[in-house]
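If you're matching them up, the sequences are chains A and B in order.
Counting from 1, position 11 in the first sequence corresponds to residue 39 in this note's numbering; the numbering is continuous, with no gaps.
Counting from 1, position 94 in the second sequence corresponds to residue 112 in this note's numbering; the numbering is continuous, with no gaps.
Because the hints were derived from the structure by calculation, they are not lab data.
Possibly wrong hints are sitting among the right ones.
Said to hold, decoys possible - Straight line, CA to CA, 25 Å or less: simulated SDA-like cross-link-like pairs of lysine to any residue: (1) A:K79 <-> B:K76; (2) A:K82 <-> A:G68; (3) A:K79 <-> B:G61; (4) B:K76 <-> B:A23; (5) A:K69 <-> A:A30; (6) A:K82 <-> B:Y113; (7) B:K95 <-> A:D84.
To be verified - To spell it out: a stretch of chain A is covered by chain B in this simulated footprint if at least three of its residues, at any positions, have a beta carbon under 8 Å from a beta carbon of chain B; those stretches are: (8) 90–103; (9) 122–131.
Quick caveat: nothing in here was measured; it's all calculated off a predicted structure.
All C-beta atoms, glycine included, are put in the ideal place defined by N, C-alpha and C.
Residues per chain are reported as follows:
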Amino acid sequence: EAGVTQFPSHSVIEKGQTVTLRCDPISGHDNLYWYRRVMGKEIKFLLHFVKESKQDESGMPNNRFLAERTGGTYSTLKVQPAELEDSGVYFCASSQYGGNTEAFFGQGTRLTVV
Amino acid sequence: AQSVAQPEDQVNVAEGNPLTVKCTYSVSGNPYLFWYVQYPNRGLQFLLKYITGDNLVKGSYGFEAEFNKSQTSFHLKKPSALVSDSALYFCAVIYYGNNRLAFGKGNQVVVIP
Numbered sequence: 029e030a031g032v033t034q035f036p037s038h039s040v041i042e043k044g045q046t047v048t049l050r051c052d053p054i055s056g057h058d059n060l061y062w063y064r065r066v067m068g069k070e071i072k073f074l075l076h077f078v079k080e081s082k083q084d085e086s087g088m089p090n091n092r093f094l095a096e097r098t099g100g101t102y103s104t105l106k107v108q109p110a111e112l113e114d115s116g117v118y119f120c121a122s123s124q125y126g127g128n129t130e131a132f133f134g135q136g137t138r139l140t141v142v
Numbered sequence: 019a020q021s022v023a024q025p026e027d028q029v030n031v032a033e034g035n036p037l038t039v040k041c042t043y044s045v046s047g048n049p050y051l052f053w054y055v056q057y058p059n060r061g062l063q064f065l066l067k068y069i070t071g072d073n074l075v076k077g078s079y080g081f082e083a084e085f086n087k088s089q090t091s092f093h094l095k096k097p098s099a100l101v102s103d104s105a106l107y108f109c110a111v112i113y114y115g116n117n118r119l120a121f122g123k124g125n126q127v128v129v130i131p
């Protein structure tokens with residue numbers, strides 16, 4: 029069974045540009061999460077989808093970030109325009125039931141804004 | 019407030035010695051506690067979790083963790099560390115009624131041959 033996959037693995041963009049990250053969850057997992065780790069700090073929650081609906085987006089830092097999950101399958105996270113402080117590793121995770129069930133993580137996308 | 023503390027930045031241990039990675043959490047309802055590990059260039063991998071029941075939880079790769087409610091701790095342990103255990107370890111908590119993981123800052127574990 030394929031795990032959670034994220035694309036790209038690395039991205040280097042200039043300040044002001046747009047970047048779109050993609051996450052393919054494990055097939056059949058209704059719950060999809062985005063997290064971010066800024067260098068050396070905690071991994072922080074960004075948002076949670078249940079199927080195609082945003083269940084909780086309280087962790088999204090500002091309106092430069094837009095997440096979508098059309099059709100309840102893969103998800104994209106767009107940053108437009110990117111700022112230097114957006115640099116970090118963006119993790120996607122999925123779980124079948126949410127709540128206290130373990131989430132399965134992708135390998136992350138390392139975003140560097142220069 | 020939900021928070022998780024991993025007080026040490028790095029844990030160094032000799033191969034074959036016991037390994038302990040510390041984690042404490044803030045008290046707010048009944049927590050669900052998790053440990054994840056990140057090997058170099060890999061995603062986070064689930065190790066174990068505590069939901070309810072026996073305070074000693076056994077997980078993958080010979081790891082275990084003990085839930086201590088009075089000390090609000092969930093320390094990760096392994097009786098005999100391997101060089102291959104060198105990785106970044108994250109403690110995380112979900113509080114009842116919530117769906118998101120709140121992570122600690124992570125501990126780098128270095129097992130010295």
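Results of checking the hints against the structure:
no.	hint	in the structure
1	A:K79 <-> B:K76	32 Å, violated
2	A:K82 <-> A:G68	28 Å, violated
3	A:K79 <-> B:G61	22 Å, holds
4	B:K76 <-> B:A23	21 Å, holds
5	A:K69 <-> A:A30	29 Å, violated
6	A:K82 <-> B:Y113	19 Å, holds
7	B:K95 <-> A:D84	33 Å, violated
8	90–103	violated (count 0)
9	122–131	holds (count 5)
Hints 1, 2, 5, 7 and 8 from the list above are not met by this structure, while the remaining hints are.
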